[in-house]
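Peer 1: Sequence:
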Amino acid sequence: LLSERNAICSQNDPIVLMAPPNMFAFLSEYTSIAPEIHRGYIAVDCRDMMHGKIHPMGRKLYEDLGVTNCMSVPVAHCPYSFAVVIDGTSFGRVDYSGDCRP
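Here the sequence shown is numbered in this note's numbering, starting from 498 and rising by one per residue.
A portion of the hints provided could be inaccurate.
Have a look at the derived ranges for each label pair, beta carbon to beta carbon [claimed, not checked]:
hint : residue 1 : residue 2 : range
1    : 532       : 565       : 17 to 27 Å
2    : 521       : 548       : 14 to 24 Å
3    : 575       : 526       : 16 to 26 Å
4    : 529       : 566       : 35 to 45 Å
5    : 562       : 500       : 17 to 27 Å
6    : 520       : 561       : 13 to 23 Å
7    : 512       : 547       : 19 to 29 Å
Hints listed in this document are in silico derivations from the structure and should not be mistaken for laboratory results. Being a predicted model, the structure only gives us computed values, none of them experimental. For each residue, glycine too, the CB sits at the ideal point set by N, CA and C.
Start from the sequences, fold in the hints, and give me the full structure.
Peer 2: This is the structure:
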């Protein structure tokens with residue numbers, strides 16, 4: 498995953514990672530094994546990207562993805578589960594939850 502990321506953007510250009518808080522706790526621990534990921538992302542808590550909330554990194558997400566809207570929605574799965582809703586893609590609206598099946 499890191500090599501694919503490095504192929505499309507420089508290491509000085511961190512990606513915006515929208516995830517639940519427990520993912521950032523995991524990544525914080527994981528940096529002891531893979532310190533190169535430490536500056537590879539900008540953490541955005543899903544709870545800060547819910548409908549009606551404005552996060553400073555929201556605009557960067559819109560620009561990087563070329564979309565008009567990107568927000569998180571709590572879903573009834575395990576604790577801290579969210580889906581992402583993205584508007585303005587070539588497909589129209591895309592909704593994704595990590596445990597969805599095609």
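Peer 1: All the hints need checking, so say for each whether the structure fits it.
Peer 2: Structure-based check of all given hints:
1. Between residue 532 and residue 565 the beta carbons are some 36 Å apart, a value that contradicts the proposed interval 17 to 27 Å.
2. The hinted window of 14 to 24 Å between residue 521 and residue 548 holds, with their beta carbons roughly 21 Å apart.
3. Separated by about 19 Å at the C-beta atoms, residue 575 and residue 526 satisfy the suggested range of 16 to 26 Å.
4. Distance hint check for residue 529 and residue 566: the Cβ-Cβ separation is about 36 Å, which falls inside the suggested range of 35 to 45 Å.
5. Checked against the hint of 17 to 27 Å, the C-beta distance between residue 562 and residue 500 comes to roughly 21 Å, which is consistent with it.
6. Checked against the hint of 13 to 23 Å, the C-beta distance between residue 520 and residue 561 comes to roughly 19 Å, which is consistent with it.
7. Range check, residue 512 to residue 547: Cβ separation about 21 Å, and the 19 to 29 Å hint holds.
The structure fails hint 1 only (numbered hints given earlier).
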